[in-house]
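2 protein chains.
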Amino acid sequence: MKKTDMINLKKSADYIRYLSLASIQRANSGHPGLPLGCAELGILLYRYAMRYNPGDSRWINRDRFILSAGHGSMLIYSLLHTIGYNISLEDLGKFRQMGSKTAGHPEYDLHDGIETTTGPLGQGFANAVGIAIEGKMEAQRFNKKNNTLFDYTVYTLMGDGCNMEGISYEAGSMAGHLGLDNLIAIYDSNHISIDGHTDITFTEDVGRRYEALGWHVEYAEIADIQDTANKLEALRALKGKPKLLIVKTIIGQGVNKKKDTSGIHGSPAGYEEIAYFVQHSTIRDLFEAQFGKEAVADTSQLASLLEKQIKSEEPLLPLPAVTQFMREAVDLNKQHYADWEKTFRTYQQDFQAEYNQLSAYRDFAVSAELEAALLNYNEAKPTATRNISGKVLNIAAAHIPQIVGGCADLVGSTKAEVSGSKYIDRNDFSGRNIAFGVREHAMGAVGNGLALNRMFIPFTSTFFTFFDYMKPAIRLAALMKLNHMFIFSHDSIYVGEDGPTHQPIEHLNALRMIPDMIVFRPGSDLETAFAMLYFLKKMNGPAALITTRQNLVPAVFQLPEGRKDNRSDLYNQFSRGGYVFYETNKSTPPDIILSGSGSELGLALETATLIEERDNKNVRVVSLPSLELLSTQDREYRDGLFIPGVPQVLIEAASHRAVDMFYNRDVTVIDIQSFGLSAPGETVGDHFGFTAEKVYQRIKN
Amino acid sequence: MKKTDMINLKKSADYIRYLSLASIQRANSGHPGLPLGCAELGILLYRYAMRYNPGDSRWINRDRFILSAGHGSMLIYSLLHTIGYNISLEDLGKFRQMGSKTAGHPEYDLHDGIETTTGPLGQGFANAVGIAIEGKMEAQRFNKKNNTLFDYTVYTLMGDGCNMEGISYEAGSMAGHLGLDNLIAIYDSNHISIDGHTDITFTEDVGRRYEALGWHVEYAEIADIQDTANKLEALRALKGKPKLLIVKTIIGQGVNKKKDTSGIHGSPAGYEEIAYFVQHSTIRDLFEAQFGKEAVADTSQLASLLEKQIKSEEPLLPLPAVTQFMREAVDLNKQHYADWEKTFRTYQQDFQAEYNQLSAYRDFAVSAELEAALLNYNEAKPTATRNISGKVLNIAAAHIPQIVGGCADLVGSTKAEVSGSKYIDRNDFSGRNIAFGVREHAMGAVGNGLALNRMFIPFTSTFFTFFDYMKPAIRLAALMKLNHMFIFSHDSIYVGEDGPTHQPIEHLNALRMIPDMIVFRPGSDLETAFAMLYFLKKMNGPAALITTRQNLVPAVFQLPEGRKDNRSDLYNQFSRGGYVFYETNKSTPPDIILSGSGSELGLALETATLIEERDNKNVRVVSLPSLELLSTQDREYRDGLFIPGVPQVLIEAASHRAVDMFYNRDVTVIDIQSFGLSAPGETVGDHFGFTAEKVYQRIKN
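Protein sequences appear in the order of chains A and B.
Its first residue numbered 1, the first sequence is counted upward by one per residue in our numbering.
Its first residue numbered 1, the second sequence is counted upward by one per residue in our numbering.
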């Protein structure tokens, strides 16, 4: 690095420190420790290492930067500002304020250079593993000799917290197994976590751990910038393994008393500390020009001037020399981008089929053939919806090449696999299946990583009870509205012999509570196909498909004559989340309304038959494939379904604990509020009262 | 090992194989792979390594065995049977049947030798870490020179699945940090997981990984039993580090075609495979005596005889030689137990104070002083309930020495710390605080481990939003009814600036859905103290205490005159989960009923004032500290609270998504069904309509 570069780099780092300190101080909230400690690292990445184009922030071959330690958000905002993304000084000054671009933790915004939402520790790192897999898949699908469309590198910055989380181990193990050499993780090793020095709880040998997982590990100290830069560069070229650069940093570098303490991790530094920083920084002249030399030399005067400026509504101080220096990277990258565009144009001419496929990946639509195939789905005999979900996944996958995914070591049970396609391995990423191993949490977050760029449509799968192991990732899928299909089989007590640890009880309503998540618990083969269709047509967030272990009667044997064939009509009804599935006699109002989701739809129908036979009553059965969709229908529709005053029975082999106390008195809830037990599924169902006879008796009582 | 011992050991191992194969075949469900592969290992543990007494299964100094790979449950049932625990051949024959002692996965039963419920992978291993911490704590608290009451060793058997789960990494890192040399993990390394050979996804160097975490690692092959036994013995004596013995095994050892394949992991072997096993086993004579030599020599005849026997109601075949050999261990252990009893009697005489304290640990009761202190709790000014929970935890801890616990690197925020007590470290376990690090999942399961023996009462703590990271362990706490206090602070959108990733929305009702979990969201200082009191008095399962980041008005300023002082009466009302907190005029029925939990109790009270002032209405305010407790009250009580026909407003800054559609039409729900946002807490509250003025306007509309 040239001497002038080094000077500029240090100035830029100090400017980032200023922006971070001031924004956090103004918000009176935030985490200065990381931006102060990693300012130089950030510059090494954005000024030297990374290839990107702020003018085309969704460039498909851009290098990615994932701030896994999301609390250090001011680092990325400051970098994106200086580099020329659409984040202004005014935006920085509104850090953590309502509606600003500079939220407390980075929030997914591909336009503004935020590749993913981070904050919950370890998630970003696992997302990065997913993006690295995506890069490998894209390269193998589309790259041609002399036409390299995809060769981007994924950088991620992680802290002690990320490394302590189990998800980082799981994702790291996967990355090592797959030899993801397009992934470079940088470990901001500052030996300080919130509660103090990491000595109090985190004394493992992190480098050795990653080596055990199959990573290449290097060590650097940020104090030696040139060496750190050299290592970053060398790592990019190194092939065969994912790479970890462990960089010794000092949390809160630049301030005085709080430097190297947990006090600077998550609280504003205070004006005195900022004044100290200014006085000892390489950008002291910026403040001298603003406040005068004498004022800057006087700590308490400087502190109060800074306080006044920071507390004002004014933008933070600009420093054109820094933005100019930083944006030289953009100029350097412009050549790289232009070369790539040229490659892409040649590609378009020379490989038209592949070019069209790539375009189809980016402009996704459900074809009429696919829609028809799913609408007209039929099973001939009783089949478990987990088998059907496997089949409809494959119908979809046959039409949509960007569907990829896998299972947490339960594919024989959940059936979530693209038939006739390979599993990816370190030498071959052409396949569409991923063996995630018994790593549900990483699976969820790696799946999110695959969804982020909106090229691939990932599915991930396990037993519903192990939803718990991946919940933090599912929440983020919903928060980012990622098109990620979660397939959970073995949906209730009918799991049977495996017992209470394997029988989900609380999970269904827990999943429903997550904003922006659509949960489908289909009651038949047809509803399973419809759920897949709905997910693909919506493409505006995740969905969960909850399937049975045991066989269910196909819809054609459940639906009354005359209703089986108009599939578009049925699909429209299904799309409302709840609809009249059966009625004894449509011409008179029902005497009783039974409703259920999943396997309890069939149970409601059986019970209806008993009521009809024994009591000669008019029974309506409402299917409830998605309560969230139904709850967004207007009151009129819902009142048409559940006619006020008519007794209702809601049957669901899942917990409605506590909140059922608020349910309408018309509603009898037949649910499960205790843990399951180990016995054959039918025995367990009978034990909990989930037989037509027992439901009938409960209704009679 | 003597030659006769070796012969007996092999016979015993084959008998365990028979019991496992036959029981699983009879149930037509189960996992034979592990019991077949680990039979010899199990015998090395129970016959040679471990110290225990089936006649005193809760002996406080017993060695523990935790089958972390819980699907291999037939291994532990077979071992417990042969060793003389209260599990009969009849029980084994009822494997996975309703009400039997031999559930699909081991279910916590200290009487019958099941130390914890396992099945969800990795949990048992983390429980074992918790028990090892308990052992260290007990030793340092009670052992005296020449009076060693506690020196037990914790053994745990884990498989590939356990090791792939992030929780095993987290707990392993903690164990290494703490140097838990009373912990021996045995890794059943068979290179087969459900979806096939581990090569497809799990290729890390597990031994090196544990070494990086600070463990001592040894390798053995089960084919060399003597060497494995020697290493197990040597490891027990080795000090300073937790120890991992990686044992190369063969899944399904003993059967023919399915041996060493994933086909034997989780499905019955089939009669032909069992016949093959019998013919090639060391216990062939048992079957020859039963069926005749010729029949045993004829594979298909043997298979059909086995089928007939296994499908019958008859008990499995006894083999007294094996039970006799295995129970020699009990005789050997008897001497050890007698020595310990002698030590204990001496201890009782020589260290009366410590003896009494140990007794108090085991016979827990809430003292009148503690009850009075919590009942009469008062804050003088607005305080966050997280601060109050810290204070009431300390009031409890001052009276109850067995309260120990800690936080996932957020103690400054959640305040869950025993003041004036040390944090444990590898050299000193006298403290009551545990720095769990950013390892929420391990924290939950290690906390469960601490609760299992019902000596200690653990608390664990993090932000409520990170409940997600530890949910699988919380579920198991509820399933086992462990006295484990979960303290979650930062309960809603009022978290503010940290934004949506840090603002729990769906978590409150997700937690409520878990059977046997009591969730408290106290609305004041007093309700926080009451929640702690309720948990301590109940001592029959876990509770969660959900606290605020922001200040709440103390109860003495909220409660009407005349209601503040009768604390027993208030506590009784609180204990019902919901109660009338305030009423404009008790002599006439209310015009409107407002209800809320946590910070929304205060909001309801403020709104009530507006309604009174502006509309001159009679308002009732119901406090809802625990919906689960309220939902178990009889209909009469609940109707007295929420008088049918009177308009109700339920205010809760949490998601009631989808299920609110079933709520009574009398109820207006003011909740949150979208993700939060980053801005100061009050701004966010205002944005979502959580101000008295906005609630008032919504009610008016």
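Don't take every hint at face value.
Copies of one chain are not kept apart here, so a pair can be met inside one copy or by any two copies together.
Derived lysine to any residue pairs resembling SDA-like cross-links, with alpha carbons at most 20 Å apart [claimed, not checked]:
| hint | residue 1 | residue 2 |
| --- | --- | --- |
| 1 | K342 | N701 |
| 2 | K145 | A353 |
| 3 | K258 | S413 |
| 4 | K481 | L677 |
| 5 | K694 | H216 |
| 6 | K422 | T203 |
| 7 | K231 | L677 |
| 8 | K342 | N540 |
| 9 | K239 | T203 |
| 10 | K422 | S262 |
| 11 | K293 | S413 |
Just so you know, the hints here were simulated from the structure itself, not pulled from any lab data.
Structure-based check of all given hints:
no.: 1; hint: K342 / N701; in the structure: neither (76 Å within a copy, 61 Å between copies)
no.: 2; hint: K145 / A353; in the structure: within (16 Å within a copy, 81 Å between copies)
no.: 3; hint: K258 / S413; in the structure: between (54 Å within a copy, 19 Å between copies)
no.: 4; hint: K481 / L677; in the structure: between (36 Å within a copy, 15 Å between copies)
no.: 5; hint: K694 / H216; in the structure: neither (61 Å within a copy, 57 Å between copies)
no.: 6; hint: K422 / T203; in the structure: between (40 Å within a copy, 19 Å between copies)
no.: 7; hint: K231 / L677; in the structure: neither (56 Å within a copy, 39 Å between copies)
no.: 8; hint: K342 / N540; in the structure: neither (33 Å within a copy, 70 Å between copies)
no.: 9; hint: K239 / T203; in the structure: between (30 Å within a copy, 18 Å between copies)
no.: 10; hint: K422 / S262; in the structure: between (48 Å within a copy, 19 Å between copies)
no.: 11; hint: K293 / S413; in the structure: neither (72 Å within a copy, 41 Å between copies)
Against the hints set out earlier in the document, violations occur for numbers 1, 5, 7, 8 and 11.
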